[in-house]
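Trainee: Sequence:
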Amino acid sequence: MAAFRTTPWRLISGVLGVMCLLLVAALGVLLKNSFTKQNVQPTFSPGPSTDLREGSGCCSCREKWIGYQCSCYFISSESKTWKDSRNFCVSHNSSLLHIQNRNELYFMNSISYFYWTGLFYSEEHHAWLWEDNSTLSQDLFLSLHSLNPKNCTIYGPIESVMDADCESEYRYVCKQQLI
1 MAAFRTTPWR
11 LISGVLGVMC
21 LLLVAALGVL
31 LKNSFTKQNV
41 QPTFSPGPST
51 DLREGSGCCS
61 CREKWIGYQC
71 SCYFISSESK
81 TWKDSRNFCV
91 SHNSSLLHIQ
101 NRNELYFMNS
111 ISYFYWTGLF
121 YSEEHHAWLW
131 EDNSTLSQDL
141 FLSLHSLNPK
151 NCTIYGPIES
161 VMDADCESEY
171 RYVCKQQLI
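Numbering (the UniProt record's numbering), first residue to last: 1 to 179.
Worth double-checking, as some hints may not be accurate.
[Unchecked claim] No farther apart than 16 Å at their CA atoms in a straight line, the calculated lysine to aspartate or glutamate pairs in the EDC-like style are these:
1. 83 - 167
2. 150 - 124
3. 83 - 169
4. 80 - 167
5. 64 - 78
6. 83 - 124
7. 80 - 169
8. 150 - 163
9. 83 - 165
10. 150 - 123
11. 150 - 167
12. 83 - 163
13. 80 - 165
14. 150 - 165
Just so you know, these hints were derived from the structure itself, not from any lab. Just so we're clear, the structure is a prediction, and the values are computed from it rather than from any experiment.
Can you make the complete structure from the sequences, with help from the hints?
Mentor: What follows is the structure in structure tokens.
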């Protein structure tokens with residue numbers, strides 16, 4: 001009789017044990033997925049980009065360049081001065097990062113380093129301009145007034161733009177607009 005009374009308890013504890021294991025496994029998968037999505041780094045495409053993100057149907061980028069909204073981006077893993085970074089981009093028929101709208105900021109949102117940009121202060125115009133002399137959209141960066149106009153600009157995590165000595169070495173992003 002005693003063996004008969006313990007059998008339902010063994011069955012219940014076995015079922016509860018299996019449920020606990022399944023819950024722990026599901027939690028592990030969920031945590032792994034959430035950390036993977038948070039730490040996503042842009043990856044280099046092995047060949048021409050066939051990325052079909054919004055507005056990028058016109059992209060055909062060369063190897064190691066990323067296509068996004070009719071532009072190709074090269075995200076460096078090496079550090080250079082602003083001038084050397086700019087020269088690298090120019091030699092690849094592109095320019096340092098030129099952010100035109102908020103969507104482009106979201107594209108760059110997953111970066112975890114600071115990168116040189118093509119934004120500089122023009123003494124002649126008394127304004128912040130991009131390398132192509134186009135003006136900066138006023139709604140992109142809020143803290144430009146605190147930047148030192150004698151320095152170059154870097155863009156980094158959490159949509160932040162800062163100034164840095166142009167002779168310092170940072171990673172860089174080249175942008176080639178296809179349209």
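Trainee: Next step is simple, just say for each hint if it's right about the structure.
Mentor: Status of the hints after comparison with the structure:
no.	hint	verdict
1	83 - 167	holds, 8 Å
2	150 - 124	holds, 13 Å
3	83 - 169	holds, 10 Å
4	80 - 167	holds, 8 Å
5	64 - 78	holds, 14 Å
6	83 - 124	violated, 20 Å
7	80 - 169	holds, 4 Å
8	150 - 163	holds, 9 Å
9	83 - 165	holds, 11 Å
10	150 - 123	holds, 9 Å
11	150 - 167	holds, 12 Å
12	83 - 163	holds, 15 Å
13	80 - 165	holds, 12 Å
14	150 - 165	holds, 8 Å
In the structure shown, a violation is registered for the earlier hint numbered 6 alone.
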